[in-house]
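Novice: Below, each chain spelled out in residue letters.
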Amino acid sequence: AAGVIQSPRHLIKEKRETATLKCYPIPRHDTVYWYQQGPGQDPQFLISFYEKMQSDKGSIPDRFSAQQFSDYHSELNMSSLELGDSALYFCASSRRESDTQYFGPGTRLTVL
Amino acid sequence: AQSVTQLDSHVSVSEGTPVLLRCNYSSSYSPSLFWYVQHPNKGLQLLLKYTSAATLVKGINGFEAEFKKSETSFHLTKPSAHMSDAAEYFCVVTSWDTGRRALTFGSGTRLQVQP
Chain A
1 AAGVIQSPRH
11 LIKEKRETAT
21 LKCYPIPRHD
31 TVYWYQQGPG
41 QDPQFLISFY
51 EKMQSDKGSI
61 PDRFSAQQFS
71 DYHSELNMSS
81 LELGDSALYF
91 CASSRRESDT
101 QYFGPGTRLT
111 VL
Chain B
1 AQSVTQLDSH
11 VSVSEGTPVL
21 LRCNYSSSYS
31 PSLFWYVQHP
41 NKGLQLLLKY
51 TSAATLVKGI
61 NGFEAEFKKS
71 ETSFHLTKPS
81 AHMSDAAEYF
91 CVVTSWDTGR
101 RALTFGSGTR
111 LQVQP
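Chains as they are written, first to last, in our numbering: chain A, 1 to 112; chain B, 1 to 115.
Hints were generated in silico from the structure; no laboratory data involved. Bear in mind the structure is a predicted one, so any value in this text is a computation, not a measurement. Just so it is clear, CB atoms sit at the ideal spot from N, CA and C, and this is done for glycine as well. One or more hints might be untrue.
Simulated restraints on C-beta separations [to be verified]: (1) A:G38 <-> B:Q45: 13 to 23 Å; (2) B:S3 <-> A:S98: 36 to 46 Å; (3) B:K42 <-> A:E17: 25 to 35 Å; (4) A:K57 <-> B:T17: 21 to 31 Å; (5) A:D71 <-> B:G16: 24 to 34 Å; (6) B:Y29 <-> A:R28: 33 to 43 Å; (7) B:T72 <-> A:S98: 16 to 26 Å; (8) B:G16 <-> A:S70: 43 to 53 Å; (9) A:P27 <-> B:T77: 27 to 37 Å; (10) B:S3 <-> A:E97: 17 to 27 Å; (11) B:T77 <-> A:A1: 24 to 34 Å; (12) A:S79 <-> B:Q45: 25 to 35 Å.
Residues from chain B that keep clear of chain A, each with C-beta distances beyond 12 Å, as calculated [claimed, not checked]: (13) D8; (14) L20; (15) R22; (16) K49.
If we strip away everything but chain B, and leave its shape as in the complex, we get:
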């Protein structure tokens, strides 16, 4: 079984300050982990993906995430928030070894960016 827990349902930051969105995962096998972003009334856009090649993963729009196996975490960060980053962010896991490629989503974190 696999699951994802996003530790904050809402995060509010000021423009130009760092962003931290927290995610913990549970998986019986070596997981693949993703962050997707969903802007209001829009589809899901892939931000970045971890698949064991490197623990620090760089994504689009200045986001990056670090895989920490000992902490079963995959937190998303950005050094400086921009107004356009305001959106819903989903941490997602899938496990190649289970043969099930369906994605399991976390409950989402709504990022608010204040001017």
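Bound-form chain A, shown alone:
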């Protein structure tokens, strides 16, 4: 079965640079969620989208933005990167009527 696809899998950036993470949900899933997992931490919810509209917002910094496109894929844009942004970023997808979220393999971002 098709799973959630995230790219890139690994990303290394310098401080103050920008980064873009991409997420391709499971086919026919209309809702996308972004989570951040710091070293040794549990995943923290950042933001979610349903039908290209932001549906919920968590602890996402103002330096970050995200959007969902007409094909339901989503991109997380991160600017003015800080050392503390180094983390594993997960995307999850679901159908709107379901509360079960399926996670992608994650993008490991390292900020030097």
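Model the placement of chain B on the given structure of chain A, informed by the hints.
Specialist: Frame of chain A; chain B shown alone:
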């Protein structure tokens, strides 16, 4: 508001012995509860899910969990541990009624399986 407390940060068992990972939840409304597993440097895999259809939920790889409303618990068990079960396990809650479908994670339990 909703929250999850995983009572043990580390659990160590011997291969072939039972596994018990404890989780207590707090939710203002009828919750949906999940267990996810994360192997080192891997993504999060759904083990099982409770949504009020049955209090005893069976998941993949021989795991199961029992929802006990009176104790607000959702403990994860497995009769016989395997070396491949060594991983981080997260108890997760979401509440349909709040309209917020974002998952709230517990702090995780690292399961170590000794040969």
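Novice: Run every hint past the structure and note whether it holds.
Specialist: Hints versus structure:
At roughly 20 Å, the beta carbons of G38 of chain A and Q45 of chain B sit within the given window of 13 to 23 Å. Restraint check, S3 of chain B to S98 of chain A: a C-beta distance of roughly 22 Å breaks the suggested window 36 to 46 Å. Checked against the hint of 25 to 35 Å, the C-beta distance between K42 of chain B and E17 of chain A comes to roughly 27 Å, which is consistent with it. The hinted window of 21 to 31 Å between K57 of chain A and T17 of chain B is violated, with their beta carbons roughly 44 Å apart.
Checking the proposed 24 to 34 Å range against D71 of chain A and G16 of chain B shows it is violated: the Cβ atoms sit about 48 Å from each other. For the pair Y29 of chain B and R28 of chain A, the beta carbons lie near 27 Å from each other, so the given range of 33 to 43 Å is not met. At about 24 Å, the CB distance of T72 of chain B to S98 of chain A agrees with the hint of 16 to 26 Å. The beta-carbon spacing between G16 of chain B and S70 of chain A, approximately 52 Å, falls within the hinted interval of 43 to 53 Å.
Range check, P27 of chain A to T77 of chain B: about 34 Å between beta-carbon atoms, so the 27 to 37 Å window is met. At about 25 Å, the CB distance of S3 of chain B to E97 of chain A agrees with the hint of 17 to 27 Å. Against the hinted window of 24 to 34 Å, the Cβ-Cβ separation of T77 of chain B and A1 of chain A comes to about 27 Å, which satisfies the hint. At about 32 Å, the CB distance of S79 of chain A to Q45 of chain B agrees with the hint of 25 to 35 Å.
Interface exclusion of D8 of chain B from chain A stands, the closest Cβ pair being 14 Å apart, more than 12 Å. Even its closest Cβ contact with chain A, about 20 Å, leaves L20 of chain B beyond 12 Å, as expected for a residue assigned away from the interface. Its beta-carbon lying about 16 Å from the closest one in chain A, R22 of chain B satisfies the requirement of being farther than 12 Å from that chain. The Cβ of K49 of chain B sits about 6 Å from the closest Cβ of chain A, inside the 12 Å cut-off, so the non-interface label is violated.
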